[in-house]
Structure formats: C-alpha cells, structure tokens
Amino acid sequence: MPKRTDLKHILVIGSGPIVIGQACEFDYSGTQACRVLRSEGIRVSLVNSNPATIMTDPEFADATYVEPITPEFVELVIAKERPDAILATLGGQTALNTAVALHEAGVLEKYGVELIGANIDAINRGEDRQLFKEIVAKAGVRLGVDDPAGLVPRSRVCHSMDEVEATVAELGLPVVIRPSFTMGGLGSGMAHTPEDLARIAGDGLSASPVHEVLIEESVLGWKEYELELMRDRHDNVVVVCSIENIDPMGVHTGDSVTVAPAMTLTDREYQRLRDLGIAVLREVGVDTGGCNIQFAVNPVDGRIVVIEMNPRVSRSSALASKATGFPIAKIAAKLAIGYTLDEIPNDITLKTPAAFEPTLDYVVVKIPRFAFEKFPGADPELTTTMKSVGEAMSLGRNFTEALNKAMRSMETKSAGFWSVPDPAGVTLADTLAALRIPHDGRLYTVERALRLGASIAEVAEASGGIDPWFLDQIAALIELRTEIVDAPVLDADLLRRAKRAGLSDRQLAALRPELAAEDGVRTLRHRLDVRPVYKTVDTCAAEFEATTPYHYSTYDLESEVVPSDRPKVLILGSGPNRIGQGIEFDYSCVHAVQALRSAGYETVMVNCNPETVSTDYDTADRLYFEPLTFEDVLEVWHAEDSSGRAAGGPGVVGVVVQLGGQTPLGLAQRLKNAGVPIVGTSPESIHLAEERGAFGAVLARAGLRAPAHGMATSYDEAKTIADEIGYPVLVRPSYVLGGRGMEIVYDDPTLRDYIGRATDISPDHPVLVDRFLDDAIEIDVDALCDADGEVYIGGVMEHIEEAGIHSGDSSCALPPITLAGSHLVEVRRYTEAIARGVGVRGLLNVQYALKDDVLYVLEANPRASRTVPFVSKATAVPLAKAAARIALGASIAELRAEGLLPATGDGGTMPADAPVAVKEAVLPFKRFRTRAGKGIDSLLGPEMKSTGEVMGIDTNFGHAFAKSQSAAYGSLPTAGKIFVSVANRDKRGMIFPIKRLADLGFEIVATAGTAEVLRRHGIACEQIRKHYQAGAGDDAVSLIGGGHVALVINTPQGSGASARSDGYEIRSAAVTADIPCITTVPGAAAAVMGIEARIRGDMQVRPLQDLHAILRAAQ
Amino acid sequence: MVKRRPAILVLEDGRTFPGEAYGSVGETFGEAVFNTGMTGYQETLTDPSYHRQVVVQTAPHIGNTGVNGEDDESGRIWVAGYVVRDPARIGSNWRATGGLEDRLATEGVVGISGVDTRALTRHLRERGAMRVGISSIDNDPQSLLARVRQAPQMVGADLSAEVSTAEPYVVEALGEHRFTVAALDLGIKRNVPRRLATRGVTTHVLPASSSIDQMLATGADAIFLSPGPGDPATADAPVELAREALRREVPLFGICFGSQILGRALGFGTYKLGYGHRGINQPVLDRVTGKVEVTSHNHGFAVQVPGSGDGAVVPDQVIDTDFGGVRVSHVCLNDNVVEGLRAVDLPAFTVQYHPEAAAGPHDADYLFDRFAELIEGRTHSKGRSNA
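Chains as they are written, first to last, in the numbering used here: chain A, 1 to 1115; chain B, 1 to 387.
It is possible that some hints are incorrect.
To be verified - Ranges between beta-carbon positions, derived for each pair:
1) B:Glu-70 <-> A:Gly-675: 56 to 62 Å
2) A:Arg-154 <-> B:Asp-213: 54 to 60 Å
3) A:Glu-104 <-> B:Asp-310: 51 to 57 Å
Stated by the list, open to error - Straight-line Cα separation of at most 25 Å, BS3-like style, residue types lysine-lysine; simulated pairs:
4) A:Lys-138 <-> B:Lys-291
5) A:Lys-3 <-> B:Lys-291
6) A:Lys-351 <-> B:Lys-291
7) A:Lys-351 <-> B:Lys-272
8) A:Lys-995 <-> A:Lys-977
9) A:Lys-8 <-> A:Lys-80
No lab work stands behind these hints, which were simulated from the structure alone. For clarity, every value in this text was computed on a predicted model and none was experimentally measured. Where is the CB? At the ideal position from N, CA and C, for every residue including glycine.
Model the full structure from these sequences, guided by the hints.
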C-alpha cells in the first residue's frame, strides 16, 4: 500500500524532560520520525519542552514548539497549526497520555485531527489492565491455547483499599501491585506483608490518574522476556528483537541486566512467545508501528504469561533498534503514513525489504546505571518501580564479551569483575545473603559467590532464579581467571582467550600484578599482536552485504573496517546517562558530528549509550558502539587511523573530547600521551582549569576575584580554615562530578560531622573548604574561544535560586533578568581573561557569584556544559557546532563570515526585547522511597539531583517561568491553599511574594513563626502546628499528605536538627502528594510571577523558528 | 573458555579457519552452508535436508538449551559437520534431557568451535557454497585441502535414497479423520505429518522409491512431496511420479525439494543458488493475499521459471505448461527467488520454504489449511461427479 495522500501536516508530540523511565530514547525516536516525515514532504509541527533534544533543533521540523506537553498547551498548538494528524506513539507515555487527554476533552474532534499510529481504543486496550487481560485470553482462544485464562497472572483490578484487601485474601501474599496509566512502573511494587500492601497499594491508587491498581498473582522469579514487534496496515507483523532479562521477574526491565537475543529459549518456546505476541498485537488493534510485549516464563514447567504491552515505541524499542540495526521509530513513522513493511527498504542492506526479522550473530548486553549515592536514605533494593537513571549497551561475539564490555561502560568505581578488591572480610554466607535482595551490580555478587565456592544451583536459588546458563558463563570466566592467575607467563594464546572472553587490560592487570598495570598489559598485548577486530551490525548475520558502517569490537579473525582516505575525526560521546551527565552532552556531540560532516570530515562516533541520537547509525559517518574506556577508545583510534593511512589518507586528524562531558575529558591526557591527536582545548589547559592551585594562579594573574578557600585533610585543619574565612563554608572532596559530596556548612558541629563522613579523605584527596557566598546571585556563562584568543560569549544565564544550589538543579533565565549592564561588562572581562588564561580552544563554561555588586569566580570548565543546548536554543546560535569547528582550527572570525556564528555581537549583547528563556530542572524524588517506605527529602543543595530539564520561552519572564513550571511539574496552581513555612533568615524576603499570593485569592496556611510574621504584615493566614508538635487536628504534614494543599513553600533552616527534620517531613509529603514544592525565596518570587501569568490566562505558543527569526533580525 | 583440542576448517578454495574440536574428534567433509537462525539448532541438526552439508551457525551461542526430547525432526543428526563459535558448556531448559555436545559426540558428528563464523559466512556469501573439510586429527591445511577437493560435489548429488525411510509408516490424524495423504519421503521432517494431523489428515509416509500406484494404494486422497537434500536435477523418478499425479489430477502439495520436483514436472528447470536460503527470518510474499510472511528456509536450489533468476522480479502472470497454467504464488522479497508454484488448472501447489517451521515462525502454517481445502474441494467434486 502506498503512502496516504491525505496527510499533509502532522503534529509530533515529544516526551518532555528526561525523567527516570523516560529518557533520551524518545529524542532518538522522535528525531527519526521528524526526519522521515519531512523527507516524505509532510509538514511537521513538533511540541517538546526539552531544549536538550536534537528533535527540537529548528531544522528538524517546520514549526518547533518548545512548550509544555500538557493538554492545555498542545491544544494551543493544534489551534494555531491545524495539523491533519497527531503522531503520539513516539513520545513515550507523556505523549500518549496527552493524546488520550486531548481526545477525552474533545479537542481532537473539535479540530478534526486524526490520531495516527495507535487509535484511542488500542491505547486503552493496551494500557487498561482489565481490558488487556481479556484481550490476552481472546488471543489465546484464537491460537487454540489449552488454558487461555492462564496466559495472564491471576489478578483483579481494584479501586479502593477494601477491594485490595478482599483480593489479597483470595490470592494470598506476595502479590504485585501495578497502578494503571503510569510510566516506568511508577508506584508499583511487590507486597510481602500486609504493611507493604497498605503502603504500596495506597500510593498506587493515588499515583494512577484513574485511581486504579491491579493486584496480581506473583510470578516472582520467573524468566522474563520482551519482544519488540512492528505491524503495518496490511496486517504484516514482524518481530524485530527478543530480549531476555538476566534478572528474573521482580525487577523492572529498565533496572534489569538484559540480553538480546534471548539466550535460553528453545525454538519451540520462542515461537510460542512470537505467536502469542502477534496474536495479542492484533487483538489490541495497534494499527501500525512498534509495540513491545513482556512475558514471564515459568522455569519449572514452561508456562507462559503475558505481563504487559506498550502500544508505542518504548525504551526497549530504542535498545532493540540499536541492538539489531533495525530502526523501529523510523519504520514506525513510515508505517503511520501508510506504507507497508514490504515497501520500505532495509536501511542497512538497502536491497532487502524491512519486512523481515533481524538475525544477530553477536550478543548484546544492556546494564542499567543507578544514582542511589545522590539520594541518601533512598532504598536501593530493585523492585518493579524503575529507579535507574541511564544505561549502557555493548555488543560482543559472545555473552561474556558483551557483559564485560557493558560492565566497564558503566563508569562506576568497579570496571568489571576483579577491577577492585572484594570488600574486606566478606564470606560466602554474606554473599549469598546479599544475592537475595536485587541490587545494583548484582552480577558482581554472583561472581563473588561462585568464586567463593557456591554451586550454580545455590546461586540460582539465592538470586531468585537467574538462569543457570548465565551463571555457567560467569563460572567459565572464573575458571579462566584461575588459569590466568596460575599461568607462568601470559602467552599469546591465553591472552587471546582472555580477550575473547571480554576481559579488559585493566582486569588482566588486576590478576597479573607483575605486568605493571593496564599499560603493561597493553604493551604485552600489542607486542603479541593481540588486537581487536571490528565487526558490523547488519541485521542479517552477514547474509547480505551491509552498507552501514556500524561497528563493534571483538577478538576474531577478520575486521570489516572499510579503509577510507578522507580526513577523519573521532567524537567521543558521554556514555550512560547519569545525574550530572545526560542528554545535553549527547546533544553537543551530535552537533559536532553535523558540523564536521558538513565541513568535509569523515566523522566517527564512539559511544555506548543506546538511548541517544549519537548512537543512531545515521548520525555520524561511522559508529563504534564501544565502552568509553582508555583501552577501547585507543583501539578504535588505532583501527581508524591505520586503515585511513593504509588507504593513503591522513587517518585520524583529531579526536574531540570536549563535548561528551567529564567521561571523554577524563581520557584526554592518557590518549594524548599515547599519541592520539586530541583537538580543541589541550589536556594541559584542561588541567589548568581543573587543578585548584593552577587555576588560582590563572585568576590571580588576571586579577579576578574568587571566594577565599583552603584545603584540609582533617577536622582541625578544616576548622582553622573556616575560622579564617568565616562561615558559611562550602565543603567538597577535591575531585567531584555533578557536585558529588558537596555541602554548605554553617557551624563547627556540622563541619565535624562532614569530615567524619568523608571516608576517602587523605593527603592525596583533601577536602576543599571555600567561603560560601550567602544570598549571592549565581551566573552561568557559556563561551567560545579560538586559537587567536578571540572570545564569543554564548549566553549569560542568571540563576533564579541563589548561589548554593547546584547549577544543574536551579532554574535560570536568559537573557539575565536583573543584571545591570555594568555586571555584563564585568562578566565579559572575567570570561575573556579566563578563556585566554587557560588556553581554551572551543567551549568554556564559567560559574560566577555576584554578591554586593562584586563578581566572584566559582569555577570554570573548559568543555561543553549542560547548558549548551539551552543557550543554543535560546539564542539561535549553535555553540557546539562552532566549538567543534574551532577545535579543528577554524577561527571565530571565519565562523562569523561563514554564518555559523552571527556576523556581529554575541550572546552577551542580546537586545532588551529578546524573548526570555527559562530553564527549569526536573527532579526524581517521586521515584524513591526510604527502606521504611517514606518519601525522600526534596531539598536542593550543592549536589546535583535532577535528571533533566525543560525550557519555557516567551516574551517576558513571568510567562516563560510559568511555562517552565507547567512543563516540569504540571501547572502552577491558580487557586487553593498554599502552605508556607520558611527559615528565619528568609522571613523578610518572603513577605511580599506571600502577600501577593493572598491578594490573588489564595488561602495561606503557615506554621507558627511564619504565621506570626505574615499577620504582622496584615496577611490573613491560618496557623497550623508542626508535625512534631503535639495537638489535635491536621498538622502540616498530614494537611499536605491529605491533598489539601496546592503549593508548598518551604525554605530549609540553616541549622537546628528539628527544624531541618520538620522541613524534610514537609518536603517529602509534598513529593508524595505530587504538589509543587518551592524551597527558595527567589523561587517563590518567580512562582508568583508565573501564577499571575496563568491567572491572566493570556498564554500563547510560538514556534522556535519565529523566535529565532526575531533574534537573528536583531543580530 | 577452557582450552579445547585444536581443529581446522579448510574450504575448497584454500581458505583456512582455525578453531577447536567440538562434538566428535575426527575428520569430515561436505558442502559448507550457513544457517542464520538464532533458535532451533536441534531441529536444524536433525533435518534430513542437511545431509552431506557442513552447517555453519551464525548465531554465536549454540547448545544453550541442551537437547530436548520432542525437538528432533528425524531419528538422527544429519549434518555432515557442525561449525559454531561458542558452544554452551551446559544446557538449560526445563525439558532438556541432555547436553548438545554429548549428543554430537554420541552420534559421531565432527564439529569445530571458536571459528570466526562471521568471516566464514561472509566468505561463503561472496564465493558461494563450496566443499569444506573439518579436522581435529590433522592440523595441516594442505593435506586436508587435498581431501576436501576429492569430496563429492552437491551439484548432481542424488541423496533421497540415503535419507528416506526404509519402510512405510503411518502418522494418524488427530481428532476426527478427514483425509489420507501419501507422503513421498525424500527427507521428510516430523513436523509435516504433525501439522497435517491437526487438520484431521492421516499421513502414510512412503520410501523415496515408491511408485504412484503404491502411494495411491494407501487409499490416499492426495500426494505430498517432501523436502529433502540433494540436487533436484537428479530426482527423475519423483519428477515422473509428480507428472503422473498431475495427469491423474490427484491433489498434490510439496515442500522445498518437493517444490523443485513439481517445478521440473511442469517443465521448469532448477538451478543452484549462490549460497542458498537457510534461516528462519526470510520474508515471502503470498501473491494471493498480498501479505508478507516470515518463514523458515533451507534450500540451495530453486525453480527457474521464465523471467526469474538473478534477482529479477518474477512476472505475476499465468505461465503456460504442459499441464495448463501455472502461477508463481510466492516470492522471496530478499532476492525474488521463486518460493511457491500453483497450478491454475490442476489441484497442485508447492512452496519452496517450510510452512511446518521447526525451526522457525508459524506464519505459513495456513498452507496446510489450503492443502486440506484443496483435498476437500477435490473429494467433494469427485463425489458429486460420481453421483
């Protein structure tokens, strides 16, 4: 069937900010969709509030709305754009839920907009658990299965706790609780006790937008599988990929270590899953596109149950696309506009059609990345609620190779088995006990248990059902380990076998201390000529010739790197998403690829994050899906450089490390020492900015101010420094990422406590003690600097919260909203001095604090920052593209002449009437619970905790801020009760904003101290007791928990344990109740402006293309 | 990962691959072919169509689920040799009765592991299927190469007698008996009579040398031509049998080798594909419904109809033959190879691929329904004309 001709304009809905359970995989899928639709001549409008996405680059759509993905705003877009259809199946649960809401509100009908990809009935059938059960049973009947009702776990949908209890009385504990219509398994869990049941089911009922939970027979410990399917409108169905979870049922698939293809199914069993998957897909009625179905298989008797299906592209489909080379989202977009699978060519072979099932001649392993260290108190047990913040994928020619590569891709302290010593004193008994609770890095525990003498059967039992085949693979590694340890010398044969098993030089070095560490192993390996080859991901196990250079390393006979004589540039990506290093860095890497490709270089991408656009094989000329470790990167460089030179070309002319965040930056010096041509800012210059003493000298030479500081290795030293520079002080370990371990300390006892907790402290790793500038305005600057020392200010961002909150977590505005012209002059002078002093060749990010009209330098990072995409979108200047060109030798003057940068002016000279962009961070507190099941503290501090960000852009600050809040949290309230409890030092600043809220008609509720101050200023308010004060009726926490409050304003007390803990109870209640919670005075002031804008009701939407035209006209 | 005994694989063009002994230690020769299925190694090994072939598995891990009682497609392993990259040390499945390597050793199947199977597959793709030797007793490539070059070729090989049943046997219908089919065993797989049985068909499986009269003497309502190994150009007797069935208007269905036999009976030629179709992910277009099915393939030869071959799209029109009009009912979307024939004027159709799957997807299972409908139509109209 050919393409539909009646679809001329399609609105694509994105997935908004990166949150746990919904990450940049939807940028990957959405970007593919936009590309496909436009290449088909269809007008594309797009809504997505996330500025760090490639899809929101203005060239990917005809009209790009960086606006909140809420029914309210999407309706405004529909009214303005009048599309023929909406494609909502590529934007995750956010897009799908928004589409359903628009349908229910009658908006789609009102504007005559068709929902393509999946219809409302299919969405409901897929997502409504009761309907879905019936669907599966029907599919079973159609297939002639003996016990169709047994194809789903026995279960019942409940709408109240009474119903829940009655159901459990029948099914018995444990049971699984799953709320309807939530993403990433939010609110679901397993109840073993009546207390668990009350808590999880209660939370689940409130988390579900339809107040519905499913109580279900436990299939804990069963084998878990997923199939990724595609269907076209001619009812052709293909299975793109099978995925097996190593962690059995009970751990969310997003938190499980998974393998593709399925490893432990016979054909008979696999085909039953396939038949069932296809039958369910047909019964659900997904018209066209991708869908994912999860199964559990009882390891004892092979009984299969269908767990769930997503009638849309999902995180797993991104993984499946990268794992197989079959681009699900791209094909889904084509199917949505009417093509059938047999009409679409296979992207990789070009000769065969997409109507086939990829076959793999390699193994893919995905490992989730967690961030529990960021959330003290959060329960790290893995459950059916997803908690991971990112993932890495790897490919190998066998399971252990892929597993070892994935483990070293995680960039955690351990880089694979044996890379760090076992914890002191562990026993087999401890280890087996630890296995019983699913946790991050459980395969390390598995390995240790086997090595300490447990049998495969014992480990299978203790781990709750990990398949013996996987355990045997790890046992084989342990046998190899023994051989390596015992061998008199590491000869070529043994070394080759070790490499084929996936062991890194670093792992081998740990086993053979005499080899002088990783470098020694590498020297030996190169001398024995044991080097990797590179195979191709081709969808067809080499049956047909592949045209796409998508490679992975392995130790085999033959390499498939096609020689090329063009000048090549390697761009190193940023690895798994984690807090502090997310999609923003991938965005910059993709831009570098685009800029360098169009400048005539052959671009080579190296990355291991399957969610990203950078690892789409369409992005760079060549893609290496490899861990970002020194060893793996060095080998890729060698393969590309030597094949390029052999072809008579210059080989690799540069390796770009500045754009992928700390990960590639950390490799720069070693790569350079090994002869790799690092371009852009030199490793020595990077060191100048990162090493405190050296950087201090740079500042001193230029006469720039920085807060007073010192370094301490003990409490006494720290106290001496604190006494000298005065409290409050900012303390942190000397080597930090994303503000890890950073705290603001106001007094001696807290300082003593901090030093006591800092376990890694040593003369090599001192604690840094800085004067903390209270009540300062924090300013973030992104700038470019070229080899001539010419500086281009990309943008000056003014933080809305005061200094002390990590820049990644605070909201900011661009252009700055309160800074004076003289401040901007000063900022420019400082930035230029730092850029030149450090020797930056590319991007530089500087953080400043402005206190009492004096500018202080907080820190400088000579690399692409998190804010580069935001600044680029807000100013219409592609900073990362310019940085990549500068790294390869272009000057700012040349880039201005070329038009990549504006001919005159820069981001520091924006016109007064420029649109205001507000960046707001999105925080994951809702995802976590303490072991006791309580919410965790949502207080912000110098340690970054956000997973993503949104942008609100409009002609004035109030509107832009309101949009940013709608996009990040759902909308700010326009009526209702506001709870206020602020620290003493904040009481003054809070009076005016609260008064304004009272004037706007909000009811104010406050705790005693705050209430007293407010009343003295004539603000009527209801007084409520604190949580720990005795009394009758509601306290602050129960009032919030009961859902009677629309907004919480709570600033933390600087000291005093009980005030702090009450604040914690209040904030965690707000998190649990899903109410906006503002924790700073400037935040409250901004919220008031946003609320006013909402009450006025004059919100408008405007495409980025129009806003950029205004900006360009002004340049 | 523990070291095994060294072994080598040598192709007839001299390319040599090092590896390690797998299965039985010894030496073996055959035609090197690659199979791209990610599941179903046991079905593959026991498929008689792989007789005299050395199978290269592109899936890197083989043996993960051990050996499972119900999964054999015949009474023994047929492959002449087995090439894998990473053999499993243990088989893990609730139905498993043993490990794969033990089974290979017990049945004397010489294999090689640790081979760069992808490089080997790419070589076969570029140069075509060719003879190969595996040895874990002689590690000298030159001496092995000399023996490889003496091994018999697949072109011109008549292998039906070697794989066929010696004695007839019957597979009873499940449930109500509706029809009887006589199957000519040229290397039949167990799942064919099983799939027929679910349609109420009792299958009499007869030796390859059987005559049409012997077949019809079973009381058969229809004839089935089975899959099997070898060069269809040599299968003169089955071709003649098929012609006779056409003349007598006996309903006829054939799979794979059986399809090539019908092709020849209709007057078409057959030819050897460069490297064949062996896998369970092949897209086939059913020209009757316009739908695509994902199918199981195992064929190194194909039927040549006028206008087919070299990737050219086969015209969708009635081709005149001695037996009336014939249509190409199915084509492979990867390379436009003829995958199914349907007589327009006679009750006969065949497919080149494997609707019985095992291993592979069940998308084409409907063809057994078509066969049952064909038989029903004929017996029904026959009954009426007799009345």
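Going down the list of hints, with the structure as the test:
no., hint, in the structure
1, B:Glu-70 <-> A:Gly-675: 56 to 62 Å, "59 Å, holds"
2, A:Arg-154 <-> B:Asp-213: 54 to 60 Å, "58 Å, holds"
3, A:Glu-104 <-> B:Asp-310: 51 to 57 Å, "56 Å, holds"
4, A:Lys-138 <-> B:Lys-291, "23 Å, holds"
5, A:Lys-3 <-> B:Lys-291, "17 Å, holds"
6, A:Lys-351 <-> B:Lys-291, "19 Å, holds"
7, A:Lys-351 <-> B:Lys-272, "21 Å, holds"
8, A:Lys-995 <-> A:Lys-977, "13 Å, holds"
9, A:Lys-8 <-> A:Lys-80, "16 Å, holds"
This entry satisfies every hint, going by the numbered hints stated previously.
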